[in-house]
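Using the hints provided, position chain B relative to the given structure of chain A.
There are 2 protein chains.
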Amino acid sequence: MALTVENALLDGERVGVRCERGTIATLGAAVTSEPGDETIDAGGAHLVPPLVNGHTHAAMTLFRGSGGDLPLMPWLEEKIWPVEAKLDADDVYWGARLACAEMLRSGTTRFWDMYWQPAATARAVEEAGVRATIGAPLFDLNSSPEELRRAAHTGLEELEGFGPHITPALAPHAIYTVSEESLRWIGELSAERELPVQIHLSETEKEVQDCLAEHGERPAFYLDRLGMLNERTVLAHGVWLDPDELALIAERGATVVSNPVANMKLAVGGVFPFPAARTVGVRVGLGTDGAGSNDSLDLFADLKTFALAQKHAAADPTAIEAEEALAVATGAQAPLLGATPLEAGAPADFLLLRKESPELGIGDLVSDLVYAASGAAVATTVVAGRVLMRDGEIPELDEILARAAERAGRLGL
Amino acid sequence: MALTVENALLDGERVGVRCERGTIATLGAAVTSEPGDETIDAGGAHLVPPLVNGHTHAAMTLFRGSGGDLPLMPWLEEKIWPVEAKLDADDVYWGARLACAEMLRSGTTRFWDMYWQPAATARAVEEAGVRATIGAPLFDLNSSPEELRRAAHTGLEELEGFGPHITPALAPHAIYTVSEESLRWIGELSAERELPVQIHLSETEKEVQDCLAEHGERPAFYLDRLGMLNERTVLAHGVWLDPDELALIAERGATVVSNPVANMKLAVGGVFPFPAARTVGVRVGLGTDGAGSNDSLDLFADLKTFALAQKHAAADPTAIEAEEALAVATGAQAPLLGATPLEAGAPADFLLLRKESPELGIGDLVSDLVYAASGAAVATTVVAGRVLMRDGEIPELDEILARAAERAGRLGL
Numbered sequence: 001m002a003l004t005v006e007n008a009l010l011d012g013e014r015v016g017v018r019c020e021r022g023t024i025a026t027l028g029a030a031v032t033s034e035p036g037d038e039t040i041d042a043g044g045a046h047l048v049p050p051l052v053n054g055h056t057h058a059a060m061t062l063f064r065g066s067g068g069d070l071p072l073m074p075w076l077e078e079k080i081w082p083v084e085a086k087l088d089a090d091d092v093y094w095g096a097r098l099a100c101a102e103m104l105r106s107g108t109t110r111f112w113d114m115y116w117q118p119a120a121t122a123r124a125v126e127e128a129g130v131r132a133t134i135g136a137p138l139f140d141l142n143s144s145p146e147e148l149r150r151a152a153h154t155g156l157e158e159l160e161g162f163g164p165h166i167t168p169a170l171a172p173h174a175i176y177t178v179s180e181e182s183l184r185w186i187g188e189l190s191a192e193r194e195l196p197v198q199i200h201l202s203e204t205e206k207e208v209q210d211c212l213a214e215h216g217e218r219p220a221f222y223l224d225r226l227g228m229l230n231e232r233t234v235l236a237h238g239v240w241l242d243p244d245e246l247a248l249i250a251e252r253g254a255t256v257v258s259n260p261v262a263n264m265k266l267a268v269g270g271v272f273p274f275p276a277a278r279t280v281g282v283r284v285g286l287g288t289d290g291a292g293s294n295d296s297l298d299l300f301a302d303l304k305t306f307a308l309a310q311k312h313a314a315a316d317p318t319a320i321e322a323e324e325a326l327a328v329a330t331g332a333q334a335p336l337l338g339a340t341p342l343e344a345g346a347p348a349d350f351l352l353l354r355k356e357s358p359e360l361g362i363g364d365l366v367s368d369l370v371y372a373a374s375g376a377a378v379a380t381t382v383v384a385g386r387v388l389m390r391d392g393e394i395p396e397l398d399e400i401l402a403r404a405a406e407r408a409g410r411l412g413l
Numbered sequence: 001m002a003l004t005v006e007n008a009l010l011d012g013e014r015v016g017v018r019c020e021r022g023t024i025a026t027l028g029a030a031v032t033s034e035p036g037d038e039t040i041d042a043g044g045a046h047l048v049p050p051l052v053n054g055h056t057h058a059a060m061t062l063f064r065g066s067g068g069d070l071p072l073m074p075w076l077e078e079k080i081w082p083v084e085a086k087l088d089a090d091d092v093y094w095g096a097r098l099a100c101a102e103m104l105r106s107g108t109t110r111f112w113d114m115y116w117q118p119a120a121t122a123r124a125v126e127e128a129g130v131r132a133t134i135g136a137p138l139f140d141l142n143s144s145p146e147e148l149r150r151a152a153h154t155g156l157e158e159l160e161g162f163g164p165h166i167t168p169a170l171a172p173h174a175i176y177t178v179s180e181e182s183l184r185w186i187g188e189l190s191a192e193r194e195l196p197v198q199i200h201l202s203e204t205e206k207e208v209q210d211c212l213a214e215h216g217e218r219p220a221f222y223l224d225r226l227g228m229l230n231e232r233t234v235l236a237h238g239v240w241l242d243p244d245e246l247a248l249i250a251e252r253g254a255t256v257v258s259n260p261v262a263n264m265k266l267a268v269g270g271v272f273p274f275p276a277a278r279t280v281g282v283r284v285g286l287g288t289d290g291a292g293s294n295d296s297l298d299l300f301a302d303l304k305t306f307a308l309a310q311k312h313a314a315a316d317p318t319a320i321e322a323e324e325a326l327a328v329a330t331g332a333q334a335p336l337l338g339a340t341p342l343e344a345g346a347p348a349d350f351l352l353l354r355k356e357s358p359e360l361g362i363g364d365l366v367s368d369l370v371y372a373a374s375g376a377a378v379a380t381t382v383v384a385g386r387v388l389m390r391d392g393e394i395p396e397l398d399e400i401l402a403r404a405a406e407r408a409g410r411l412g413l
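Keeping their order, the protein sequence lines are chains A and B. Everything in the first sequence is counted per the numbering used here, starting at 1 for the first residue and increasing by one. Everything in the second sequence is counted per the numbering used here, starting at 1 for the first residue and increasing by one.
Fair warning: there could be bad hints in the mix.
[As the list claims (entries may be wrong)] The calculated label-pair distances, taken between Cβ atoms and stated as ranges, are:
no.: 1; chain 1: A; residue 1: Leu212; chain 2: B; residue 2: Asp316; range: 22 to 28 angstroms
no.: 2; chain 1: A; residue 1: Glu214; chain 2: B; residue 2: Asp316; range: 22 to 28 angstroms
no.: 3; chain 1: A; residue 1: Asp391; chain 2: B; residue 2: Ala276; range: 46 to 52 angstroms
no.: 4; chain 1: B; residue 1: Glu406; chain 2: A; residue 2: Arg386; range: 34 to 40 angstroms
no.: 5; chain 1: B; residue 1: Asn7; chain 2: A; residue 2: Asn142; range: 46 to 52 angstroms
no.: 6; chain 1: B; residue 1: Gly44; chain 2: A; residue 2: Arg21; range: 41 to 47 angstroms
no.: 7; chain 1: B; residue 1: Ala29; chain 2: A; residue 2: Asp88; range: 36 to 42 angstroms
no.: 8; chain 1: A; residue 1: Asp88; chain 2: B; residue 2: Ala402; range: 51 to 57 angstroms
no.: 9; chain 1: B; residue 1: Ala85; chain 2: A; residue 2: Arg14; range: 33 to 39 angstroms
no.: 10; chain 1: A; residue 1: Gly28; chain 2: B; residue 2: Tyr176; range: 49 to 55 angstroms
[As the list claims (entries may be wrong)] Short, incomplete list of chain A residues facing chain B, as computed with Cβ under 10 angstroms:
no.: 11; residue: Lys304
no.: 12; residue: Ala322
no.: 13; residue: Val366
[Unchecked claim] Simulated coverage check for chain B against chain A, where a stretch passes if three residues somewhere in it have a Cβ under 8 angstroms from a Cβ of chain A:
no.: 14; segment: 284-296
no.: 15; segment: 354-360
no.: 16; segment: 371-381
no.: 17; segment: 403-412
Treat the hints as calculated values from the structure; they're not laboratory data. Glycine included, each C-beta is placed from N, C-alpha and C at the ideal position.
Same shape as in the complex, but just chain A:
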């Protein structure tokens, strides 16, 4: 069945959007509902593109609040790893369902995920109706590269059984947890099968110092030497990238995803150098990181923090403007991330904003989306032409909340 949204506001003009077979068939002032269509009267609500969460660990909603206010290593060693060792597929499924609900609620319809039991996350994503690029975290500190290779292939096979909303990826955890040999074959596998690769890079200053000490080069150069830096690569964090690394990343066409809230919460001490990255043309996206270290998955909130952190770090209020910050959060600035523009032929993924929002209606919409709104400004969310949230209501939310809380309880969280 086709879905038609009538009477929406796009760039100040009244428009309709007709969605057929998951894509935007027509969009414009003349578009109206046809007989048999499911129809939404937007009542003059703003139509805007959804956000893309470029880096998260969805099922870590179960770990929300578990960070206490701890530093990174005690947090991982005392709170996260012992519990992760006990996770089963149902834990991950309900944690990821909760994450999907929170992201849907706040205007994110696509995310990049790195977590255990990736098939359980994929199942949750399909049930929720959203989209995700998913990879199992690959470590080989305690296993041979050969064992890791088998694990990677098994993970990919499981993910390849899903539908078009799931994009399988390779997710080597970091340069300090994956051997040089494994990074090399992961790069080759990515090239051979055209698979996206997600990796944490340059999150802490220690990582950079260790890389220099061990390999004699900075992290981006090390990755590049192993064939891991190209237009299929998403580098999460990038806090300590220097100008030479940024120039190399731009040249290779790789994407950096900034996670300002998690970086500030874990107090890594720096901020991804966006102005320098912009100068050389790096593709940039925005991520929440996991709910264990944020602790929210509302990317609108992180969008504001991203802009504030850039201005603060530069001691310059002009360091970033609202429009470019928004382009980072929608994924429009980094093609790999999978932005969905509002145009005929594109996937029918979009948001309708709440009309009764005290924070909207006075300022410029783009500025207000960045600086005044939270995800609560979103009333209705459509993905692939399906209405996944209508007037703030998400089907099955009560059950999702109850089941996720039950799983967290089981884990002693």
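Same frame as chain A, but now just chain B:
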């Protein structure tokens, strides 16, 4: 009529709250509705104290988005001051009504305001049912101290005609816009009539350097010498206070209100030194500043940014913990700000959280309120025993939005 809230969750226990004549008459497990009471079944929703916005310029909702991404002085000179010269009482009234709606929506029931046409703001506050401490900004750069004194008295008389929800205050703008002579008599008037004083202090490093150059002492010492630093004083910003100033402020019992979002947006380059302030016992509150430089009035968002900015500035994730950050935002840490604790005899001001909040329900509630929630987590807001928002619905919101937009349009904003 009495209001009774049944079946709420407070610190993990089911409780009822009965409100009579604007105060909490009884609170506890045994409290239930009596015949004739207005009754709310909270259905197991969390009952929490509201937040206090310690520094704002409410009517500046009309200026939302007008900051562009400009530095402070061009923003003031090009965007703000020319328009402020044209403001009438109705502009301020509707701007302040919009601000009250946005604050109510996001869990703030009391605010400290400094703005033109203070009686119009007071009228808006009374209509909205919330509470505010209000002062007209006092400047004497272009007038004599005698003219300023007359203006101050006129402003106070207007504000004293309002009911108990309005607390009149003196609001000298800053040490660089009010003469030494005027600061002195403002301090005397405050002492004589027991009036609170709000002043911007140490927002930019330039202000500190200018104060040192002109007066040979840092801003807090200068204020103290003029009799302006005491338990009635609220210092907004305090970004550049040094340890000696913090010790003096603590000794005098004055309150510092941090405005982390506005400070980062205007990129003043620093962060209020909370850990140092805590060490010497300074009373601390949290403010949004005006919507022109934030651009939101959702103090829950600023609460998270406050904690993140402290951790980031200290490069230490333990620099502030969730519980102390929340105490700053509720005003519990600074008696002057007017916190409303949840206990019998206190003003009947409280919030009920939304049960269907994906971001709540897994973690510890205090941690989630600080790091995971936005103001959208608030479902119902009660002030003085009156239900001002029920299940997210604010009466007259449509009219307020329309009238505020009309006033902003009239002003060319």
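Tested hints:
One distance hint, 22 to 28 angstroms for the beta-carbon pair Leu212 of chain A and Asp316 of chain B, holds here, with the actual separation near 24 angstroms. A beta carbon spacing of about 27 angstroms between Glu214 of chain A and Asp316 of chain B agrees with the range 22 to 28 angstroms that was offered as a hint. One distance hint, 46 to 52 angstroms for the beta-carbon pair Asp391 of chain A and Ala276 of chain B, holds here, with the actual separation near 47 angstroms. The supplied range of 34 to 40 angstroms is met by Glu406 of chain B and Arg386 of chain A, whose beta-carbon atoms lie about 38 angstroms from each other.
At roughly 50 angstroms, the beta-carbon separation of Asn7 of chain B and Asn142 of chain A lies within the given 46 to 52 angstroms, and the hint holds. Separated by about 43 angstroms at the C-beta atoms, Gly44 of chain B and Arg21 of chain A satisfy the suggested range of 41 to 47 angstroms. As the Cβ distance of Ala29 of chain B to Asp88 of chain A is approximately 37 angstroms, the hint placing it in 36 to 42 angstroms holds. In this structure, Asp88 of chain A and Ala402 of chain B meet the distance hint of 51 to 57 angstroms, their C-beta atoms being roughly 53 angstroms apart.
A beta carbon spacing of about 36 angstroms between Ala85 of chain B and Arg14 of chain A agrees with the range 33 to 39 angstroms that was offered as a hint. The hinted window of 49 to 55 angstroms between Gly28 of chain A and Tyr176 of chain B holds, with their beta carbons roughly 54 angstroms apart. The beta carbon of Lys304 of chain A is positioned within 10 angstroms of a beta carbon in chain B (closest approach about 7 angstroms), and the interface hint is therefore held. With 10 angstroms as the threshold, the beta carbon of Ala322 of chain A comes within range of chain B, its nearest partner Cβ sitting at about 7 angstroms, so the hint holds.
Taking 10 angstroms as the C-beta cut-off, the interface hint given for Val366 of chain A holds, the closest approach to chain B being about 9 angstroms. Using a Cβ-Cβ cut-off of 8 angstroms, 4 residues of the segment 284-296 of chain B lie near chain A, which meets the minimum of three, so the contact claim holds. Only residues whose beta carbon comes within less than 8 angstroms of a beta carbon in chain A count, and the segment 354-360 of chain B has 3; three or more means the coverage holds. Remark: the segment 371-381 of chain B is confirmed as covered by chain A, as 6 of its residues place a Cβ nearer than 8 angstroms to a Cβ of that chain, reaching the required three.
With 3 residues having a Cβ less than 8 angstroms from any Cβ of chain A, the segment 403-412 of chain B passes the three-residue criterion, so the hint holds.
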